[in-house]
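Fit chain Z to the given chain P structure using the hints.
Heads up: the protein sequence lines correspond to chains P and Z, in order. To get the numbering used here, take the position in the first sequence, counting from 1, and add 21. To get the numbering used here, take the position in the second sequence, counting from 1, and add 844.
Everything labelled a hint here was simulated from the structure, so no lab data went into it. Some hints could be false.
[To be verified] Example chain P residues on the side facing chain Z (calculated, C-beta under 8 Å, incomplete): (1) P28; (2) K121; (3) F124; (4) G125; (5) G126; (6) G127.
[Claimed, not checked] List of simulated lysine-lysine pairs, DSSO-like, C-alpha gap at most 27 Å: (7) K121(P) to K90(P); (8) K927(Z) to K90(P); (9) K121(P) to K901(Z); (10) K901(Z) to K915(Z); (11) K901(Z) to K24(P); (12) K73(P) to K90(P); (13) K24(P) to K73(P); (14) K90(P) to K24(P); (15) K858(Z) to K121(P); (16) K853(Z) to K915(Z); (17) K858(Z) to K915(Z); (18) K121(P) to K927(Z); (19) K915(Z) to K121(P); (20) K927(Z) to K853(Z); (21) K24(P) to K121(P); (22) K73(P) to K133(P); (23) K914(Z) to K901(Z); (24) K901(Z) to K858(Z).
Note that CB positions come from ideal geometry on N, CA and C, so glycine has one too.
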Amino acid sequence: DAKTTQPPSMDCAEGRAANLPCNHSTISGNEYVYWYRQIHSQGPQYIIHGLKNNETNEMASLIITEDRKSSTLILPHATLRDTAVYYCIVRVAIKAAGNKLTFGGGTRVLVKP
Amino acid sequence: DGGITQSPKYLFRKEGQNVTLSCEQNLNHDAMYWYRQDPGQGLRLIYYSQIVNDFQKGDIAEGYSVSREKKESFPLTVTSAQKNPTAFYLCASSFRTELPGYTFGSGTRLTVV
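Isolated chain Z (complex conformation):
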């Protein structure tokens, strides 16, 4: 079955370390997105990519970096510059059409220890 896979489900990081969250999809979707969710809050857009080798900053890109070398993959790196990285991270994908129906992954919960 087609879907979008995020790994790992839980991730612990020491302060000052960079960490990379994986997101892979086999839906043949063109566009991919990363959102951050804090407890009791809505989702905030970090980065998005509409085609391979191209990506744009979302609303809260500072302290994060991404790459889009393959259509299927859109990894997110949380750098040491991100002041408060503990959060739930969600990856999504969609076709690059006029109507953005998203498919979301099951998320990665990152905790800084």
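Here chain P stands alone, though its shape is the one from the complex:
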């Protein structure tokens, strides 16, 4: 699986958009980009995933660059409840590889009033 690089921490103002970058320069063509978040002392929560097209759901948007070497998770209007550690994970999507996900250090996001 391709390795990801994320900034260790970032702050965001409440009500503003939070843009979380992730670098995955060694990603291969059949690898998806996943985002999860973990609020303190809880289990991680799935946010969104994508292959090459931009994706949007009720929680966030995922922008993947054309060369797929990096992506950005966008929380459009951050609230205090969005304070969490955000994990960017790259994973091949074939049954033979199994479903293991590897979680790195993530980005610790602090939303400030």
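Only chain Z this time, still in chain P's reference frame:
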């Protein structure tokens, strides 16, 4: 509502004792996973199981054991051989498809006293 339940939420163990953490899901997921998380760190995979009666070691399996006798249940035993068992333990489950969207439990915090 479907979900994944871990119990207990907090667990205290004396040194030298084995202890079993429970994980039950009613999502009809095929695959189940155990992760360990130390303070300020990411998640590390202990064991995973893709089907009943079958499981594989993850990255840090030493000192742990699991069983998968039922699709709904994947208990983790922390044995006395685990040198540093104090940690936050997370169980997850997913369908055994190409795209591993995980559902996590709320975790068990184990403390050795």
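Evaluation of the provided hints:
no.	hint	verdict
1	P28	14 Å, violated
2	K121	6 Å, holds
3	F124	4 Å, holds
4	G125	5 Å, holds
5	G126	5 Å, holds
6	G127	6 Å, holds
7	K121(P) to K90(P)	21 Å, holds
8	K927(Z) to K90(P)	39 Å, violated
9	K121(P) to K901(Z)	11 Å, holds
10	K901(Z) to K915(Z)	18 Å, holds
11	K901(Z) to K24(P)	21 Å, holds
12	K73(P) to K90(P)	10 Å, holds
13	K24(P) to K73(P)	17 Å, holds
14	K90(P) to K24(P)	11 Å, holds
15	K858(Z) to K121(P)	32 Å, violated
16	K853(Z) to K915(Z)	22 Å, holds
17	K858(Z) to K915(Z)	31 Å, violated
18	K121(P) to K927(Z)	25 Å, holds
19	K915(Z) to K121(P)	18 Å, holds
20	K927(Z) to K853(Z)	21 Å, holds
21	K24(P) to K121(P)	14 Å, holds
22	K73(P) to K133(P)	32 Å, violated
23	K914(Z) to K901(Z)	18 Å, holds
24	K901(Z) to K858(Z)	25 Å, holds
Against the hints set out earlier in the document, violations occur for numbers 1, 8, 15, 17 and 22.
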